[in-house]
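Peer 1: Throw the hints in and build the complete structure from the sequences for me.
Protein chains in written order, with our numbering: chain A, 9 to 172; chain B, 9 to 172.
These are computed hints drawn from the structure, not numbers from a lab. It is possible that some hints are incorrect.
The list makes no distinction among identical chains, and a pair is therefore deemed to hold if it is satisfied within one copy or across any two copies.
In silico lysine to aspartate or glutamate, EDC-like type, Cα no more than 20 Å apart, as pairs [said to hold, decoys possible]:
(1) 73 to 93
(2) 73 to 138
(3) 73 to 133
(4) 157 to 145
(5) 157 to 41
(6) 157 to 147
(7) 157 to 138
If you're wondering where the values come from, they're calculated on a predicted model, not measured in any experiment.
There are 2 protein chains.
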Amino acid sequence: MDKEARLIGTSAAEHPQELRLWLRLLTCTHLIEARVRGALRDQFEMTLPRFDLMAQLERAPDGLKMNELSRRMMVTGGNVTGITDQLVLEDLVERVQVPGDRRAYRVRLTPRGRAQFADMARAHEAWVVEAFGGLSEREIDTLHRLLGKVKQHSQAVITHKDSA
Amino acid sequence: MDKEARLIGTSAAEHPQELRLWLRLLTCTHLIEARVRGALRDQFEMTLPRFDLMAQLERAPDGLKMNELSRRMMVTGGNVTGITDQLVLEDLVERVQVPGDRRAYRVRLTPRGRAQFADMARAHEAWVVEAFGGLSEREIDTLHRLLGKVKQHSQAVITHKDSA
Numbered sequence: 009m010d011k012e013a014r015l016i017g018t019s020a021a022e023h024p025q026e027l028r029l030w031l032r033l034l035t036c037t038h039l040i041e042a043r044v045r046g047a048l049r050d051q052f053e054m055t056l057p058r059f060d061l062m063a064q065l066e067r068a069p070d071g072l073k074m075n076e077l078s079r080r081m082m083v084t085g086g087n088v089t090g091i092t093d094q095l096v097l098e099d100l101v102e103r104v105q106v107p108g109d110r111r112a113y114r115v116r117l118t119p120r121g122r123a124q125f126a127d128m129a130r131a132h133e134a135w136v137v138e139a140f141g142g143l144s145e146r147e148i149d150t151l152h153r154l155l156g157k158v159k160q161h162s163q164a165v166i167t168h169k170d171s172a
Numbered sequence: 009m010d011k012e013a014r015l016i017g018t019s020a021a022e023h024p025q026e027l028r029l030w031l032r033l034l035t036c037t038h039l040i041e042a043r044v045r046g047a048l049r050d051q052f053e054m055t056l057p058r059f060d061l062m063a064q065l066e067r068a069p070d071g072l073k074m075n076e077l078s079r080r081m082m083v084t085g086g087n088v089t090g091i092t093d094q095l096v097l098e099d100l101v102e103r104v105q106v107p108g109d110r111r112a113y114r115v116r117l118t119p120r121g122r123a124q125f126a127d128m129a130r131a132h133e134a135w136v137v138e139a140f141g142g143l144s145e146r147e148i149d150t151l152h153r154l155l156g157k158v159k160q161h162s163q164a165v166i167t168h169k170d171s172a
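Peer 2: Take a look at the structure:
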């Protein structure tokens, strides 16, 4: 889980500080994601991809077409279909016909799905608050601001490359 | 790619700052990982899991047994086997017999694999340095320090839960 440990174990001094920062960023992401994944499983018998899919639907009260859902999930259409099938079986999401288009449908949360997602989202917030419990309010703000610069720079680089 | 955008688009003020921080951390990780993934593909026709596997072997000059490799890669043995098979075909890694145990073998980089990995690792460092190009040296140090606190706290929480 700790990508840094291996780097440090060999020849840390040879590597630029940015590489050590990147491995630490990866490690933090993986640690927190593992915590969320484990808690979703233990407390809700829920996988992270299913939680993510329900989170997308929660923000789209009218539901989403499969291609919209796939784009937002950034995984293959096949995966989204499999996850959706499972959630339909558990009566957490449903497929509804698009009026005037016999072959198109939207996926949306069922009332049961909406209620369960609300419970999970509340718990998820608490786990995340706990994950950053080692930081003061001011440190959280600083981290948020510095990561904002990283994000902005990365997005600018991507935009530049795409338009080149 | 930007998990934050959706949260902010709905009801940012209702969410704790920690949740916004977490989504920004995820976004940064995904943006940089996508950049690395794209560059590995474009410049070396290499996938990220294959790069990661070669990185593990680079740190183990005597090679690794499959179970050690799987543990370090934290993916299923099946995936590691598939990736290894592909790298063997390209003469980047090789399987070597473990003396005294006819059924065991180690996987290690070939000379060609070692040379190619050195090229990729150099390029990888440059991409990562570029990814953090929006930060000053001092900001990089601050980010590294704050993420160190996050990591330490997460690891302490996990240790506590494991021993509970």
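Peer 1: It remains to establish, for every hint, whether it holds in the given structure.
Peer 2: The hints, checked one at a time:
1. Proximity of residue 73 to residue 93 under the C-alpha cut-off of 20 Å is restricted to the intra-copy arrangement: shortest distance 14 Å within a copy versus 39 Å between copies.
2. In the homo-oligomer, the alpha carbons of residue 73 and residue 138 never lie at most 20 Å apart, since the shortest distance is 35 Å inside one protomer and 37 Å across protomers.
3. Taking CA atoms no more than 20 Å apart as the test, residue 73 paired with residue 133 passes in neither setting, with 28 Å inside one copy and 40 Å between copies.
4. Taking the closest pair of Cα atoms, residue 157 and residue 145 come within 20 Å of each other both inside a single copy (19 Å) and across two copies (13 Å).
5. In the homo-oligomer, the alpha carbons of residue 157 and residue 41 lie at most 20 Å apart only across protomers (16 Å), although the nearest pairing inside one protomer, at 22 Å, exceeds that limit.
6. Taking the closest pair of Cα atoms, residue 157 and residue 147 come within 20 Å of each other both inside a single copy (15 Å) and across two copies (10 Å).
7. Within a single copy, residue 157 and residue 138 get their C-alpha atoms only as close as 24 Å, which misses the 20 Å cut-off; across copies the closest is 13 Å, which meets it.
Violated hints for the displayed structure, listed by number in ascending order: 2, 3.
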